[in-house]
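Given the coordinates of chain A, work out where chain B should sit on it, guided by the hints.
Protein chains: 2
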Amino acid sequence: MEGDRLALGCDLGATNLRVALVTEAGEVVASAREVLDDREPEAVATDIRTLCDSVLAVGRKSWDEIAGVGVGLAGQILGDSGFVVVGPNLGWRDVGFGALVRARLGREATLVNDLSAAAWGEHRVGAAQGVDDALVVFLGSGIGAGLILGGKLYEGASGLAGELGHVKVVPGGRLCGCGERGCVEAYAGGHNVTERLQELVREGKAAAILEAAGGDVARVGTHALNLAAEAGDAFALDFLEEMAAHLGLAIGNAITLLNPRKLVLGGGMFHGISRLRPLVEREIRKVAGRAQAGVLSISESGLGDDAGLVGAALLALG
Amino acid sequence: MEGDRLALGCDLGATNLRVALVTEAGEVVASAREVLDDREPEAVATDIRTLCDSVLAVGRKSWDEIAGVGVGLAGQILGDSGFVVVGPNLGWRDVGFGALVRARLGREATLVNDLSAAAWGEHRVGAAQGVDDALVVFLGSGIGAGLILGGKLYEGASGLAGELGHVKVVPGGRLCGCGERGCVEAYAGGHNVTERLQELVREGKAAAILEAAGGDVARVGTHALNLAAEAGDAFALDFLEEMAAHLGLAIGNAITLLNPRKLVLGGGMFHGISRLRPLVEREIRKVAGRAQAGVLSISESGLGDDAGLVGAALLALG
Chain A
438 MEGDRLALGC DLGATNLRVA LVTEAGEVVA SAREVLDDRE PEAVATDIRT LCDSVLAVGR
498 KSWDEIAGVG VGLAGQILGD SGFVVVGPNL GWRDVGFGAL VRARLGREAT LVNDLSAAAW
558 GEHRVGAAQG VDDALVVFLG SGIGAGLILG GKLYEGASGL AGELGHVKVV PGGRLCGCGE
618 RGCVEAYAGG HNVTERLQEL VREGKAAAIL EAAGGDVARV GTHALNLAAE AGDAFALDFL
678 EEMAAHLGLA IGNAITLLNP RKLVLGGGMF HGISRLRPLV EREIRKVAGR AQAGVLSISE
738 SGLGDDAGLV GAALLALG
Chain B
438 MEGDRLALGC DLGATNLRVA LVTEAGEVVA SAREVLDDRE PEAVATDIRT LCDSVLAVGR
498 KSWDEIAGVG VGLAGQILGD SGFVVVGPNL GWRDVGFGAL VRARLGREAT LVNDLSAAAW
558 GEHRVGAAQG VDDALVVFLG SGIGAGLILG GKLYEGASGL AGELGHVKVV PGGRLCGCGE
618 RGCVEAYAGG HNVTERLQEL VREGKAAAIL EAAGGDVARV GTHALNLAAE AGDAFALDFL
678 EEMAAHLGLA IGNAITLLNP RKLVLGGGMF HGISRLRPLV EREIRKVAGR AQAGVLSISE
738 SGLGDDAGLV GAALLALG
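Protein chains in written order, with this note's numbering: chain A, 438 to 755; chain B, 438 to 755.
It should be emphasised that the hints constitute simulated quantities derived from the structure, not laboratory data. Relax, there's no trap hidden among the hints.
Copies of the same chain look alike in the list, so a pair counts if it works inside one copy or between any two.
Below, a list of computed lysine to any residue pairs in the SDA-like style, where the Cα atoms sit at most 20 Å apart:
1) K723 - G610
2) K589 - S734
3) K498 - G543
4) K589 - G516
5) K498 - R544
6) K723 - R611
7) K723 - L674
8) K723 - C613
9) K723 - C615
10) K642 - T631
11) K498 - L443
12) K723 - I735
13) K723 - S595
14) K723 - E617
15) K498 - R442
16) K589 - R698
17) K498 - R486
18) K498 - T487
19) K723 - R618
Here chain A stands alone, though its shape is the one from the complex (with noise of 0.2 Å):
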């Protein structure tokens, strides 16, 4: 019966891998989450069909039972060959991933950048499910998105659509991990926010966030900020309001050019900064044109950590 297939999803970061048994529905069965102590490809695809035989054996299923496997990572991939032009978090560079991981399972695999994996479970089975135009934004270490347009995944030429985060919105700005300067990520994603208020700091500048990090420099960070800015903080208020600004011209203007249904806004960000969303919400509304902001509908992701996981799942079923 269809609505029974299930699918392993796996999500590959930085420093963990996670795989999850998922049905058709989009329903997590079982999960395993370890520790990448090796980044070589060769290694990470021994390690993604060791963690799947573990997840089917917490689920009790056998590969047999498996439609497909589906795996997500950050970085530029080539359509249906799962060549990895680069992946950043992992310190490749033109990695035939796909092939690998598919010698390793003796199987298909679909291999898929992580927030068009994550949008695409939003659309299905989370926040933007039923909905044909989506943009869905992760904010965390970095700021990324996936585009859902006509009911359709939209990767673009090279399998970089939906990079937000490196929408320049102060030109010739801040420099951002990407080597270009002005990025909103520069601004608002969390690892660059974290390196800013430490500069701040050091300038004898953000001393209430200091004191909410306990007067330690190298603890200044997202969690000190929320802190300040929960006691009333004029600093730590004044600089959510500019990281909000800045957000809000790169998703606003994006809602101006795309005329999505819906925006799901997720990521540790925003649960981390209690008044960053409402904040950011405002900005878009401000900036996108008043049409457009007339027919959209914001939501949280319905999904939250494990959209990647779920949405590679349930494209490996196609």
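Here is chain B on its own, set in the frame of chain A:
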């Protein structure tokens, strides 16, 4: 024989109606143009019928030989019904224009946004032929774009996708014709460029541009700007650099987000201002993500002023 099918394409502008008899291969066999003297929807629908009849007479074809009729107009059009939510050039709001046209023609007609029609024309028989993912930008008195994504015309959740002219490049900046502030069109659309230059002249600046306009403020505009820039006037050249920077920011960011294979740049401003195209292309490549820019080719419009007519006709052929 399928290859011989014919369609009529109509392009409804603010002041003119154009109609062309178009082959399935995108060739314009016959065409005609008339000035609209009445913008009432009923009158315009009658004009469309009359001009279609004339073009058929010119091309020595009968209605029996026509496989489809497509009508492109500037505005927000809701899907297959051809309901015009807003048609700013015509001063229309909530007009069931599709039904009016069908009644006048006594047959099916496809209504579409003019820039979506133009993008489809470029995709099918113009500069983006054979390319699945293309962004088609037209820079005239206003600025707009059409999106070809995954080989299909993408129009968004409510027919507003591609409104590139209303992407914000200067938050809180110059007032745009749309009623919002800081849109790229407010800085680089032809109508606004003329307005800005006349303001500058009235403030005693841009002496060389005023001179190029024969000393008549009312004649200051893109033509005088081009003459002054060609003569090497520093003010005019700076103005062009600023225009290019704004356009590069809006278009380059769209390239980062959408990762198209092809960018088509068309519209009268590129013909009127000789130095504009290379400046804009340089700025786009500066702003767009390196990897996205690496797979992007940029072309001049292949169909020019006929893009909308041809695209509307080909859309009607399905």
